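Keeping their order, the protein sequence lines are chains W and H. FYI, the numbering for the first sequence is 1 to 146, going by our numbering. FYI, the numbering for the second sequence is 1001 to 1510, going by our numbering.
Calculated directly from the structure, the hints in this document are not laboratory data. In this text the structure is predicted, and so the values were computed from the model without any measurement. Ideal Cβ placement from N, Cα and C applies to all residues, glycine included. Accuracy of the hints is not assured; some may be wrong.
Derived, one-sided and incomplete: chain H residues facing chain W with beta-carbon distance under 8 Å [stated by the list, open to error]:
1. R1030
2. D1050
3. R1446
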Amino acid sequence: MPTIVPNEEYCIGCRLCEIACMVEHSGCSDVFKALRPGRPRPCPGTVVEVEGDRALSISCRHCDHPPCVLACLTGAMHRSPEGRVVVDRKRCAGCWTCVLVCPFGAVAKGPDRKVASKCDFCPGRDRPACVEACPNRALRVVEGTA
Amino acid sequence: MHSDPATGQTIKSYLPPRFRVSRDDARCIRCQVCENQCSFSAQRYDQEEDRMVAVDRSCVGCHRCEALCPTGAICIEPSPSTYRENANWTAREIRNLNRQAETGGVLLSGMGNDRPYPIYWDHLLLDASQVTNPAIDPLREPMELRTYLGRRPDALEVAPDGSLLTRLEPQLALEIPLMFSALSYGAINLNVCRALAMAATACGTYYNTGEGGLHESLYCYSPNTIVQVASGRFGVHLDYLEAAAAIEIKIGQGAKPGVGGHLPGEKVNEAISSTRMIPLGTDALSPAPQHDIYSIEDLRLLIYALKEATRYIKPVSVKIAAVHNCAAIASGIARAGADIIAIDGFRGGTGAAPTMIRDNVGIPIEFALAAVDSRLREEGIRNQVSLVVGGGLRSSADVVKAIALGADACYLATAALIALGCTLCQQCPTGRCGWGIATNDPVLARRINPELAAERLANLLQGWAMEIREMLGGMGINAIESLRGNRLRLRAIGLTDRELDILGVLPAGQ
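Only chain W is shown next, with the shape it has when bound in the complex (with noise of 0.2 Å):
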């Protein structure tokens, strides 16, 4: 299973990699009226930490046992046939336990506050949108999990 490592020795924290996730998943391939200001969001699966002079981009390893799986109550977090870690929508309750244990903060409260919100690995794209956003390559898919 590919998976999106981030390089943090060249992470400009540009955040270009939220906003072609969040447009990637927005339904709407038009970068304008996907996050046109003023209207709701969708929270993007990779999001950028700062901290003083470095920054580094965190978005779901797909782990080859994804402890936010395990410990999923209602089973809506699963691993889909293509091997990805992915949330049901409709089963998950927002009880945040993926949050809490996913030890790279890779989970996060979808905008809705209802349901977790991750990355998908973007099925239908060669590369995830994020990898191709990424100006200085510090976005990477590399084979082989976490």
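Following the hints, position chain H against chain W.
Relative to chain W, chain H alone:
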């Protein structure tokens, strides 16, 4: 706003903004990428109003925000503000006078001379074959760009069995007649140094350490490294000399002939201090002259000291700025035992130079090259040295013209930095380079990912090499060696007889 260090009193700046940050609000998605990328704080998000605000006065015109804006909402324009027209007191002069009245210091600039002096490359035209000697298609037939730099023997002795009896002096082999010229670690950060080293290695050519020493992590690229010995002798030790493919003695630099260098102490971090072998946080001052070189005889001593130290296996280059009597100086350098002479024209770049020096000292590289090549030929010593020229070469066409004028290879640095994003905003001395090039700020330096940057540089060299092959093919030439110093393949347009004489080129139509 400038404050007086003695009194703490501030002086209000009268300078109007130079640029206007124009933003198409209908396209702005308030993502704040412009804000987090602007290293001069010219972009700001106003939370109360939920909109981006530009501080035009702080904008230096580096275009970083424009390049990264995901919606193309930003356009950096020249400020429409103008002074009353005056041919003598131009806006440039008024700005300079104001800056000086506010700071009381020497005006500093980055990059090369930007004044509208003639660019002689644009007055030279290349030849092409028609009917009598056929053009060559470089995609179908071999085309040789390999270049050797170093001293050539006066004659070759060959044994009856075909083996060479003459001992050849050390040579640098270049797959393409292009090298990266000196950019010192400190003036640029380690990521850029690494990218240059990686690209030079990938393309079979050389990069030059400049006078900043060689960082320990770059020794693995030593087969493609030219190390510099400059007036400050920063980072010069035996391992440094041993590591190099060639050694360059820097006498002068095109951007600031006759002037030394000054890397401010704030830029001298731990890695730079250990590489340059100077205390942490101290100013790195390169004296204007090399204090042990006051004559050609002194230069000879240093050339041979370096050759002796490295067992005569590496060519030694001497770099000078293009100045009025460079032909005579070059003759002296050749006779002093240099294997390569590098000449840097007055458009050559720098991390910091006094503006008045940058804009008013030196001569165009086209004249310097023609004069040096002619002089060395007249004296019958052209074979003793290779000529490398640089200083504002913009394209493969400039390179081909330089080689036809007499150069063996070309140095490029500004073109390489532009390939990495540089937009010539000339803010290098501030250390706030928005593109992460001329800065040691760890946050900004991160903007250069060496792997990606090396790819951009290698692409540039590869593209130029292909264009050079095309131009050679058009002239019916299948080896760059056949074009070297072949000024008959050049014609000039719009030049005076005197200029034609110096360049040794016929006018178009003749």
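Hint check:
Given hint, R1030 (chain H) at the interface with chain W, holds; its Cβ is 5 Å from that chain's nearest Cβ, closer than 8 Å. A cut of 8 Å between beta carbons decides the hint on D1050 (chain H): the least distance to chain W is about 6 Å, and the hint holds. Here the hint on R1446 (chain H) is kept, as its CB sits about 6 Å from the closest CB of chain W, short of 8 Å.
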